[in-house]
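K.L.:
If you read the sequence shown in my numbering, its first letter stands for residue 92, the second for the next number, and so on.
Please note: incorrect hints may appear among the correct ones.
Below, in silico cross-link-like pairs of lysine-lysine (DSS-like), each with a Cα-Cα straight-line distance of 27 Å or less [unchecked claim]:
| no. | residue 1 | residue 2 |
| --- | --- | --- |
| 1 | Lys100 | Lys168 |
| 2 | Lys168 | Lys187 |
| 3 | Lys266 | Lys252 |
| 4 | Lys266 | Lys168 |
Label-pair distances were calculated between CB atoms; the ranges are [what the hints assert, rightly or not]:
| no. | residue 1 | residue 2 | range |
| --- | --- | --- | --- |
| 5 | Ala231 | Gly211 | 21 to 31 Å |
| 6 | Arg198 | Gly299 | 19 to 29 Å |
| 7 | Ser310 | Ser199 | 57 to 67 Å |
| 8 | Arg198 | Ser315 | 20 to 30 Å |
| 9 | Lys181 | Gly108 | 42 to 52 Å |
| 10 | Ile366 | His391 | 36 to 46 Å |
| 11 | Gln368 | Val212 | 20 to 30 Å |
| 12 | Glu359 | Gly312 | 39 to 49 Å |
| 13 | Val246 | Ser302 | 50 to 60 Å |
| 14 | Val246 | Ala290 | 21 to 31 Å |
| 15 | Val246 | Pro162 | 34 to 44 Å |
It is worth saying that the hints were derived from the structure and are not from the lab. Quick reminder that beta carbons are idealized off the backbone N, C-alpha and C, glycines included.
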Amino acid sequence: MRIASVAWKGFAGLADGSLDFARDGGVPADLIVVTGPPGSGKTRLLEMIIAGKERVAAYGPRPRLDDVLGPAGTAAKISMQWWMSEDEQKFVGVTKPLLSTESIYARSGTVELAPDPAIGVLLERYDHDRQHGKMDYIPADRGLPSYATTVGDPVGDQRRKRLTRGPDKYAGLMKLAEGMILRRADAARTDTLGALFAALCPHLRLSGVGSAGDLEVVSAGGGSPRPLSRLSMSEKQAFAIAASMALVGVHHSVVLFDTPELYLSGAEARRQLEILQSFAPTNQWIVSTCAEEIVAMAAHRNLVRLGAPQ
């Protein structure tokens with residue numbers, strides 16, 4: 092699943108506009124980079140994409156009208172064209188790769204639009220099967236919370252949180268990883284988590300669960316294990332991202348990644364993004380950044396430069 096194009100009007104914090112990610116009529120680009128000065132709307136563009144998807148087929152609570160329209164707005168429209176792989180076409184029962192959706196947010200009048208049932212089924216599907224595409228959001232306020240949360244239904248818990256901001260979504264993933272390691276369940280998935288974390292942080296290794304029930308890491312050169320809570324902010328966010336990719340199964344998906352350079356140099360942010368792209372080459376990455384090293388990764392036609400603050 093990928094986004095081929097998006098057009099919007101009336102979305103607070105963004106000038107009306109449109110973007111085409113498949114100008115040659117083929118498969119949409121696998122990397123779109125959005126850049127611009129502070130306050131230009133980089134994060135809002137990602138939030139607009141989420142609002143367009145969630146109005147059609149929501150993972151969790153739909154965005155609030157005030158968040159979409161602003162205090163003075165009356166209506167907004169988001170039109171999107173979605174590209175589907177052959178497997179996804181078979182799943183929804185169509186023989187063409189492109190389907191469209193239109194989302195309307197309004198303070199009055201009829202706002203419910205019935206999408207094509209096929210694309211509605213695809214956008215609503217959420218599970219942790221790595222063969223099933225989904226939409227995922229890595230927000231700029233990501234990180235590991237100071238607590239881990241046990242949930243009875245990890246898939247349902249993550250479904251409601253995957254497109255939200257804040258670190259809360261990662262609390263359930265910490266506890267899920269602890270449980271998998273202790274029960275020695277789904278070794279392939281926990282091994283993948285460990286390998287991806289080590290690639291993002293080559294100086295660390297995931298060592299297991301300590302006597303206090305907390306996930307622990309150890310230096311690559313050896314030494315005593317220490318809990319995740321003692322890691323640096325950049326190391327914590329690396330684990331949060333690795334846990335999302337490995338445990339949620341983020342492949343064949345649209346990933347909205349805000350500020351990959353958070354806590355990192357531009358060069359290190361690029362290195363880590365390249366690792367994530369290699370880990371999940373079937374994903375479409377839509378990245379908002381101020382780092383020139385990240386900007387340089389995108390082809391000119393896949394680079395979105397926003398202007399003055401809105």
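K.L.:
Sort out which numbered hints this structure fails and list those numbers smallest first.
P.N.:
4, 6, 8, 9, 10, 12, 13
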